[in-house]
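Colleague: Single-letter residue listing:
There are 2 protein chains.
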Amino acid sequence: MTDHLGPALEGTSPGTSPGVTAPAGFRASGVTAGLKASGRPDLAIVVNDGPRHAGAAVFTTNRVVGAPVVWSRQVVADGVVSAVVLNSGGANVSTGPEGFLDAHLTAERVATALGVSSGDVVVCSTGLIGERLPRETLLAGVDLAAAALTSDAGLDAATAIMTTDTVPKTAHVTVETPDGAFTVGGMAKGAGMLAPAMATMLCVVTTDADVAAPVLDAALRAATAETFDRVDSDGCMSTSDTVTLLASGASGVTPAADVLTDAVRRVCASLARQLVADAEGASHDIAVHVVGATTPDAAVAVARAVTRSNLFKAAMFGNDPNWGRVLAQAGTVPEEVAPFDPEAIDVAINGVLVCKAARPHADRGEVDLASAREVHVTVDLHAGDAAATVWTNDLTHDYVHENSAYST
Amino acid sequence: MTDHLGPALEGTSPGTSPGVTAPAGFRASGVTAGLKASGRPDLAIVVNDGPRHAGAAVFTTNRVVGAPVVWSRQVVADGVVSAVVLNSGGANVSTGPEGFLDAHLTAERVATALGVSSGDVVVCSTGLIGERLPRETLLAGVDLAAAALTSDAGLDAATAIMTTDTVPKTAHVTVETPDGAFTVGGMAKGAGMLAPAMATMLCVVTTDADVAAPVLDAALRAATAETFDRVDSDGCMSTSDTVTLLASGASGVTPAADVLTDAVRRVCASLARQLVADAEGASHDIAVHVVGATTPDAAVAVARAVTRSNLFKAAMFGNDPNWGRVLAQAGTVPEEVAPFDPEAIDVAINGVLVCKAARPHADRGEVDLASAREVHVTVDLHAGDAAATVWTNDLTHDYVHENSAYST
Numbered sequence: 091m092t093d094h095l096g097p098a099l100e101g102t103s104p105g106t107s108p109g110v111t112a113p114a115g116f117r118a119s120g121v122t123a124g125l126k127a128s129g130r131p132d133l134a135i136v137v138n139d140g141p142r143h144a145g146a147a148v149f150t151t152n153r154v155v156g157a158p159v160v161w162s163r164q165v166v167a168d169g170v171v172s173a174v175v176l177n178s179g180g181a182n183v184s185t186g187p188e189g190f191l192d193a194h195l196t197a198e199r200v201a202t203a204l205g206v207s208s209g210d211v212v213v214c215s216t217g218l219i220g221e222r223l224p225r226e227t228l229l230a231g232v233d234l235a236a237a238a239l240t241s242d243a244g245l246d247a248a249t250a251i252m253t254t255d256t257v258p259k260t261a262h263v264t265v266e267t268p269d270g271a272f273t274v275g276g277m278a279k280g281a282g283m284l285a286p287a288m289a290t291m292l293c294v295v296t297t298d299a300d301v302a303a304p305v306l307d308a309a310l311r312a313a314t315a316e317t318f319d320r321v322d323s324d325g326c327m328s329t330s331d332t333v334t335l336l337a338s339g340a341s342g343v344t345p346a347a348d349v350l351t352d353a354v355r356r357v358c359a360s361l362a363r364q365l366v367a368d369a370e371g372a373s374h375d376i377a378v379h380v381v382g383a384t385t386p387d388a389a390v391a392v393a394r395a396v397t398r399s400n401l402f403k404a405a406m407f408g409n410d411p412n413w414g415r416v417l418a419q420a421g422t423v424p425e426e427v428a429p430f431d432p433e434a435i436d437v438a439i440n441g442v443l444v445c446k447a448a449r450p451h452a453d454r455g456e457v458d459l460a461s462a463r464e465v466h467v468t469v470d471l472h473a474g475d476a477a478a479t480v481w482t483n484d485l486t487h488d489y490v491h492e493n494s495a496y497s498t
Numbered sequence: 091m092t093d094h095l096g097p098a099l100e101g102t103s104p105g106t107s108p109g110v111t112a113p114a115g116f117r118a119s120g121v122t123a124g125l126k127a128s129g130r131p132d133l134a135i136v137v138n139d140g141p142r143h144a145g146a147a148v149f150t151t152n153r154v155v156g157a158p159v160v161w162s163r164q165v166v167a168d169g170v171v172s173a174v175v176l177n178s179g180g181a182n183v184s185t186g187p188e189g190f191l192d193a194h195l196t197a198e199r200v201a202t203a204l205g206v207s208s209g210d211v212v213v214c215s216t217g218l219i220g221e222r223l224p225r226e227t228l229l230a231g232v233d234l235a236a237a238a239l240t241s242d243a244g245l246d247a248a249t250a251i252m253t254t255d256t257v258p259k260t261a262h263v264t265v266e267t268p269d270g271a272f273t274v275g276g277m278a279k280g281a282g283m284l285a286p287a288m289a290t291m292l293c294v295v296t297t298d299a300d301v302a303a304p305v306l307d308a309a310l311r312a313a314t315a316e317t318f319d320r321v322d323s324d325g326c327m328s329t330s331d332t333v334t335l336l337a338s339g340a341s342g343v344t345p346a347a348d349v350l351t352d353a354v355r356r357v358c359a360s361l362a363r364q365l366v367a368d369a370e371g372a373s374h375d376i377a378v379h380v381v382g383a384t385t386p387d388a389a390v391a392v393a394r395a396v397t398r399s400n401l402f403k404a405a406m407f408g409n410d411p412n413w414g415r416v417l418a419q420a421g422t423v424p425e426e427v428a429p430f431d432p433e434a435i436d437v438a439i440n441g442v443l444v445c446k447a448a449r450p451h452a453d454r455g456e457v458d459l460a461s462a463r464e465v466h467v468t469v470d471l472h473a474g475d476a477a478a479t480v481w482t483n484d485l486t487h488d489y490v491h492e493n494s495a496y497s498t
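Chains as they are written, first to last, in my numbering: chain A, 91 to 498; chain B, 91 to 498.
Zero decoy hints are in this set.
Okay, derived cross-link-like pairs now, EDC-like style, lysine to aspartate or glutamate, Cα gap no bigger than 16 angstroms in a straight line:
no.	chain 1	residue 1	chain 2	residue 2
1	B	Lys126	B	Glu226
2	A	Lys446	A	Asp431
3	A	Lys446	A	Glu433
4	B	Lys446	B	Glu456
5	A	Lys446	A	Asp436
6	A	Lys126	A	Glu226
7	A	Lys446	A	Asp470
8	B	Lys446	A	Glu221
9	B	Lys446	B	Asp436
10	A	Lys446	B	Glu221
11	A	Lys446	B	Glu188
12	B	Lys446	A	Glu188
If you're looking for bench data, these hints aren't it; they were derived computationally from the structure.
Kindly produce the complete structure, drawing on both the sequences and the hints.
Modeller: Here it is in structure tokens:
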């Protein structure tokens with residue numbers, strides 16, 4: 091079963107890891123610029139001190155994107171990234187030419203402070219859409235953050251990018267190779283607007299492996315496809331998603347491509363799992379495992395259909411093993427996408443086979459949903475050998491509350 | 091603007107109309123069979139006394155369907171329908187061969203009581219998925235309902251098919267033609283699982299027009315495409331949606347096809363609008379009007395993307411004119427589906443142009459969402475002349491509550 095998120099947290103020191111500063115060759119900082127009314131930290135910088143400055147990134151596929159995404163796409167095009175600057179307290183989306191200038195000037199200010207080219211500085215912003223950031227506050231914050239950079243402040247940086255997150259998300263792994271060890275570390279934020287085609291969030295992953303940008307790019311795309319892309323908190327695709335991967339080469343180790351990819355995947359999986367665990371207002375983390383599919387894509391399509399159902403998610407909140415809502419969602423997937431016989435489907439919830447061949451089987455009452463946060467729903471299509479898992483959360487009163495009050 | 095639901099209720103006597111018994115040639119009944127634990131009415135019959143017995147129906151496009159849908163698809167294939175029997179208290183979905191037999195025996199019992207062929211009896215069931223109906227209770231209820239048939243009990247029938255609906259939904263219109271008058275009447279139920287590709291519900295529409303089945307079929311498909319198909323309460327497609335249209339010919343009037351279609355559309359529009367007004371836990375009915383699209387399909391695609399957003403719907407619940415969430419959803423529609431320039435989009439909420447050319451315009455504070463249940467959001471894509479409207483509801487605490495407690 092392709093579920094990298096299941097055992098995701100193992101060996102990654104979630105939450106307590108220094109994250110982006112775990113690998114050699116990186117410094118970071120997180121400071122309070124004053125962008126948030128709450129007075130909490132809101133600006134972070136991650137800088138790659140080299141010797142290599144390779145970078146790659148994946149962005150939201152939304153056609154409406156923030157100025158930072160427009161800027162950063164240009165930055166990563168040449169595979170060279172020296173630093174990433176990230177702010178919470180405003181997404182800088184739908185802000186017109188002045189908003190783009192805000193992003194540009196932010197990169198310039200970082201570049202001046204660090205002595206690098208502004209064209210090598212990725213910019214990320216998160217928060218409300220449709221409001222300008224206060225430019226002078228932002229730029230003064232950059233100076234503050236540049237002055238605070240240290241090689242052990244990864245957790246500060248992870249804290250400064252939080253919005254409705256309740257805890258910072260960090261992870262790292264160190265991998266031994268015949269040529270020596272290398273480390274991959276990362277941080278992420280995101281608690282709502284987590285959707286397919288990339289969970290909505292900002293994420294920076296760093297490594298001291300000595301690899302070129304094309305290798306980084308391939309590793310990042312492979313890793314996100316099976317981790318962040320398989321998290322769907324609320325079906326809403328963001329305008330700002332950015333995952334950046336930086337390589338400093340400071341370990342002097344050049345791992346095989348698959349070894350690098352696996353390490354990046356482990357860090358992304360841990361961060362994605364941490365996002366699910368901290369999703370807005372959620373009381374259950376739900377893994378929808380689809381097995382017996384004809385292809386992995388078919389399995390993902392069925393799993394996504396289930397994870398997007400408000401009725402299913404509300405039932406999970408009520409600790410109600412309502413497998414009819416699982417079947418009803420499976421049935422919405424077109425046959426050309428996922429061939430299966432609707433009369434053959436089995437559904438198990440937390441190990442209890444409540445539906446066999448599309449009919450009631452074990453008593454619903456045997457399913458215990460109340461005693462654990464994690465829920466596992468397995469849908470067997472009996473159509474092939476492929477499998478996939480998508481994670482989501484339940485739909486709760488707190489989700490409604492947080493998202494009806496966010497901008498007011 | 092293609093919005094048949096806007097003025098939908100005008101002249102249709104919503105709620106107080108006799109609905110299916112408004113046209114000549116129909117009797118109906120609604121009784122308590124004992125399928126619902128609450129003891130409320132739960133079984134209805136609508137019978138077409140002719141002289142004509144033409145019928146047509148549209149069904150859910152879900153691949154997982156209830157036994158009644160499998161049965162009724164066969165019934166309507168020949169264009170002859172004598173009666174419709176409908177029960178609440180159980181959907182008879184995922185109930186295996188015994189469940190199919192329940193549906194079959196229900197049609198047989200109706201046929202015996204009315205002296206018609208069981209192959210001309212449409213069966214509809216609504217309620218929980220995955221539980222068998224109590225067969226003897228159901229069949230005894232059929233006898234009770236058959237004995238109660240009268241030509242003025244349309245409102246009783248509409249009441250007996252309610253599940254979480256709080257009010258019965260009925261409507262009718264009478265249309266004068268040069269050859270005389272004909273009437274179209276209807277009833278519907280549905281308060282959750284209202285989704286695209288047909289709002290989830292049961293609906294029976296009757297007319298005393300003297301028209302053949304192919305004309306009925308065309309009128310029904312045209313009417314549902316612009317009414318029920320443009321309602322999306324919670325994005326969840328049902329396994330049981332059935333809209334049946336019956337013609338008795340009792341008026342002796344054969345209207346032109348477009349005149350019939352328009353009358354059927356008016357009744358469907360009124361019923362669809364009543365469904366939105368009674369959606370589970372909703373506090374706002376929200377019309378998303380998309381204008382300036384290249385084609386009607388493009389307009390519908392953008393409108394649907396907005397109406398499916400939990401974040402947008404939660405913001406509406408909070409009376410928060412969060413237009414950023416509208417833009418973010420528009421941006422999720424692929425360019426090949428809806429070509430437009432994301433930088434050109436305008437958004438008005440209740441007449442206040444809060445976003446012009448994808449930038450803040452009028453002050454959000456000018457938007458009044460608190461003083462009315464109905465909300466109008468207009469998205470101008472500035473890409474063409476096509477328009478469409480999709481209706482939805484806000485996402486509320488009551489929605490979460492009702493759907494986390496439904497089966498328990």
